[in-house]
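Colleague: These are the residues of each chain, in order.
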Amino acid sequence: MTTAPHRLVEQATALMDLKRIDEARALLARRLAEDPTDIVAWLRLASCHEEVRDYQEVLNATNQVLALNPEEYGAYLRRTYAFRRLGRPDESLAAAHEMLRLEPESWQSHVGLSEALGAWQPRWPEALEAAATGVRLGPDQIAAHYALWKAALMNGRVDLQRQAVAESLRIDPHNAWALDQRAKYAEMDAAGPRLTGAGARLSAAAEALTDALAAAPQAPQADRQRKHLDVAVFRMLRGTRWLTLLCLVIAALAARVFPTGSDPTALPGPLATRLYGLALMSAVWGFGAWRRYRGLRAGVRMSLWSLVRRVGWARLVVWQSVGCTLVAVVVVLVPWSERTVPQVLFWVALVPTLLTIWFERAATRS
Amino acid sequence: MLDQPTNTPAGPGAGESPLIASLRTAVAAAPQDIPLRLHLAELLLGAGSADAAVAEAALVLSQAPGDAQARALMARAMAAPVPMEQAPPAAPAEQQSGGFDWEAAAREVGDAVPPRFAAEPDVKEAPLTADGSGDPGEAPAYDVDAPGAPGAVRLADVGGMQEVKDRLEAAFLAPMRNPELRKLYGKSLRGGLLLYGPPGCGKTFIARAVAGELGANFINVSINDVLDMWVGNSERNMHEVFETARRQAPCVIFLDELDALGAKRSRTQHNGMRNTVNQLLTELDGVNDVNDGVFVLAATNVPWDVDIALRRPGRLDRTLLVLPPDGPAREAILHYHLRERPIESVDLAKLVKATDGFSGADLAHVCESAAESALLDSARTGTVRMINTRDLLGAAKAIRPSTEPWFAAARNVAMFANEGGMYDELLAYLKKARKL
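Residue numbers (this note's numbering), protein chains in the order written: chain B, 1 to 366; chain V, 1001 to 1436.
For the record, the hints were derived by calculation from the structure and aren't laboratory data. Please read all numbers here as calculations on a predicted model, not as lab measurements. We put the CB at the ideal spot given by N, CA and C, even for glycine. Do not rely on the hints blindly, as some may be mistaken.
[As the list claims (entries may be wrong)] Cross-link-like lysine to aspartate or glutamate pairs, in silico, EDC-like; alpha carbons within 20 Å at most:
1. 1264/V / 172/B
2. 1435/V / 1356/V
3. 1432/V / 1163/V
4. 1435/V / 223/B
5. 19/B / 1257/V
6. 1397/V / 1368/V
7. 227/B / 1404/V
8. 19/B / 35/B
9. 184/B / 167/B
10. 1264/V / 1235/V
11. 1431/V / 230/B
12. 227/B / 207/B
13. 1353/V / 1404/V
14. 1183/V / 1292/V
15. 1432/V / 1404/V
16. 1264/V / 223/B
17. 19/B / 1305/V
18. 1435/V / 230/B
19. 19/B / 1163/V
20. 1183/V / 1163/V
21. 1432/V / 1166/V
22. 19/B / 71/B
23. 1397/V / 1425/V
24. 1431/V / 1326/V
25. 1435/V / 1425/V
26. 19/B / 34/B
27. 1432/V / 1356/V
[To be verified] Footprint (simulated), chain V over chain B, 3 or more residues, beta carbon under 8 Å:
28. 132 to 146
29. 201 to 214
All chains should be modelled from the sequences, with the hints used to inform the complete structure.
Modeller: Shown next, in the form of structure tokens:
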């Protein structure tokens, strides 16, 4: 026969939900002072201790439970994890087996077994199998998907890891852990050496990071996420220099800065050609930067400006992009009668920018 | 050395009564005897030697910091240069020449008890408690505080924070005070306002002040009442709170720690909590204008953990950011916390500047730390000294504003979770304060 938990235990459970662990513990202590045989109160107290990572106390509380009822499933559940965290794998596995004996069809039993098996590297495939069974029995339990993700991580199964994260987000689109993982995968995708589509992947990574930050703004990983967001945004900002160099080349060609073509001496270049060059430069900036910037989420855009304000190197990138583009505009608009000045302008704009790009790449590689 | 009684500028014994002189001898013989020293201090104060009384009380406090009698005596002695204020009207010149030289005495005591502040502030209003420490107490959910009850506060009692007051006036108070205009514009007499901001910055106090300003009854639903609601008949309990408010209209229901009462339902495992939120939504919506005259104020440090449904139009649709106290508020808070402490020539303007971003609770901590530093110094040197600007500035420098972690999280929310512009005000502040 199941009886409803005592009022104080109910209140403590609610407080635990709100992560007010100390207050919950105080209420449970009051309840246990009244009635030391309240198994639910002991189990909740064990959960409180687990929440604050006091695993020895988890064992103490569950010892009390098992003294009252040696067949209490919840006690074995807590002990499986506590023993594992305390580096006592054999006892953890024994507790997991007890869980399986008591409730073989519970997803938690298999997830617990997966956790216990994770202590031995040769048994990692078994852990993966147990986690997969846990997911099969509890397809809507994020904890089961988390166990699968963890076992997949140990077994190097990236496909299963991503699947577990996607399933978790299906169940709870605001789950902080899953959003954090999704952001990591997006960053990994953006970090690859592929030449095409880097901008889109960076935007995706930045947006995944903003989702994770919005879901858990106070989480311990928020600082790391902010740093990674800064990196993604900086890489996007850095990309504008390629656009500006492209503009510089267009301007040089349109203004005939270098003696190429059939009539190398004809200066200034025809106005129509130079205006065409200017239009091309506008298109490069419009499609390559402005359109992409407008498509970014407000949070990513704000991060960009925040980075420019905080980081000197980001400001340098902006100034280089602006400076090079201005040089390109001057080169293409002024009707030069000789090549020396536009050539000097061209090299002055090009060389420092290329050097900075090379320096950054070298710094990143090291 | 603590054992040595502190000499006053006038010097002990000069013009003292025989009783005081003999007590001085007794105290010198038994320097650890606190009651004896306090008795001496009482007599000195009674005899008009406020400075000497301060010195004796300070010695007692250095031995027993928590001694209530000594603190009270110190406060009385420091409160005013009593002998001067209670002195008889100025005597004719011919009398002065032959009798007691009042001016000389004033000069002497004036030196002994220096001005409390370098520049006396213009603050005339009652000491504010915009620090959040002015907690409304543990009023149970169904206790209704009547308007004008003892201890009722008004917005004028909140020092500084003019922007918050202006926004409250515009968004909340003015429509309530002007029934004609309200009718003209078809504004119903109901509403909800969510106060949010870093902890310890006076949200609870402001809620009380709004109730005082409206002349409305006040029901405070605290976290303990909320806990009771979670179990058993949570729906009925919540309904009863609103029914009580409707019967007592105009009435302000104040939901403190809304993140607990209105936690995101998707995040909570506990059925009781979900039911409470559902019931709260039902009560806020009301039907047939049953909520006319019922204002719901709520406060939270973590608005991002509040169920989004609670912030929809007609519910807690207006939000007000309560930031750490501004300059005038900090000045008033510091004034309040220093009111019973022995201080000399404190440069409040400098201190106010050094405590930018501090919450009310931080400011209280600064005063406490400065007092501790002065006390330790007095104990070490054996010479009692007042709390000065240096102590306070040192304490302010050593303390980091407790609001910083809140702003770190709030920045993430304002930048990345500002759908619907709920955090526009916060964003504007962060931009202005260069905290983005």
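Colleague: Does each hint hold? Answer for all of them.
Modeller: Outcome of the hint check:
For the given pair, residue 1264/V sits about 13 Å from residue 172/B by alpha-carbon distance, which is consistent with the 20 Å threshold. For a cut-off of 20 Å, the pair hint linking residue 1435/V to residue 1356/V stands: about 14 Å separates their Cα positions. As the CA atoms of residue 1432/V and residue 1163/V are separated by approximately 14 Å, the hinted pair is consistent with the 20 Å bound. The straight-line distance between the Cα atoms of residue 1435/V and residue 223/B is roughly 15 Å, inside the 20 Å bound, and the hint therefore holds.
The suggested pairing of residue 19/B with residue 1257/V holds, with an alpha-carbon distance near 14 Å, which does not exceed 20 Å. In summary, the hint linking residue 1397/V to residue 1368/V is supported, as the alpha carbons are separated by about 14 Å, within the 20 Å threshold. Our distance criterion of 20 Å between C-alpha atoms is met by residue 227/B and residue 1404/V, whose separation comes to about 18 Å. The suggested pairing of residue 19/B with residue 35/B is violated, with an alpha-carbon distance near 24 Å, which exceeds 20 Å.
Taking the CA atoms of residue 184/B and residue 167/B, the gap is near 16 Å; set against the 20 Å cutoff, the hint holds. Taken as a hint, the residue 1264/V and residue 1235/V pair is honoured in the structure, with Cα atoms around 17 Å apart against an allowance of 20 Å. A hinted pair counts as satisfied when its Cα atoms are at most 20 Å apart, and residue 1431/V with residue 230/B qualifies at roughly 18 Å. At roughly 14 Å between alpha-carbon atoms, residue 227/B and residue 207/B fall within 20 Å of each other, so this suggested pair holds.
Taking the CA atoms of residue 1353/V and residue 1404/V, the gap is about 17 Å. The hint holds against a cut of 20 Å. For a cut-off of 20 Å, the pair hint linking residue 1183/V to residue 1292/V stands: about 13 Å separates their Cα positions. Between residue 1432/V and residue 1404/V, the direct Cα distance comes to roughly 16 Å. Compliance with the 20 Å bound is thereby established for this hinted pair. Proximity of residue 1264/V to residue 223/B is assessed by CA-CA distance (about 24 Å); at most 20 Å being required, the pair is judged violated.
Distance restraint check for residue 19/B and residue 1305/V: the Cα-Cα separation of roughly 12 Å lies within the 20 Å cut-off, and the hinted pair is therefore satisfied. Restraint check: the Cα-Cα separation between residue 1435/V and residue 230/B comes to about 15 Å, which is no more than 20 Å; the hinted pair holds. For the suggested pair residue 19/B and residue 1163/V, the alpha carbons sit about 34 Å apart, so the restraint of at most 20 Å is broken. For a cut-off of 20 Å, the pair hint linking residue 1183/V to residue 1163/V is broken: about 27 Å separates their Cα positions.
With a C-alpha separation of about 19 Å, the suggested pair residue 1432/V and residue 1166/V falls inside the 20 Å cut-off, and the hint holds. Between the alpha carbons of residue 19/B and residue 71/B the distance comes to roughly 29 Å, so the proposed pair goes past 20 Å and is violated. Restraint check for residue 1397/V and residue 1425/V: the C-alpha separation of about 29 Å exceeds 20 Å, so the hint is violated. Taking the CA atoms of residue 1431/V and residue 1326/V, the gap is about 17 Å. The hint holds against a cut of 20 Å.
Under the criterion of a C-alpha separation no larger than 20 Å, the hint pairing residue 1435/V with residue 1425/V is consistent with the structure, at around 14 Å. Of the pairs offered as hints, the one joining residue 19/B and residue 34/B is violated, with about 24 Å between alpha carbons and a cut-off of 20 Å exceeded. Note on residue 1432/V and residue 1356/V: the hinted pairing holds, with a Cα-Cα distance of about 14 Å set against a maximum of 20 Å. With 0 residues bearing a CB less than 8 Å from a CB of chain V, the region 132 to 146 of chain B misses the requirement of three and the coverage assertion fails.
With a threshold of 8 Å between beta carbons, the proposed coverage of the region 201 to 214 of chain B by chain V holds, since 4 of its residues qualify and at least three are required.
Of the hints listed earlier, those the structure fails to meet are numbers 8, 16, 19, 20, 22, 23, 26 and 28, in rising order.
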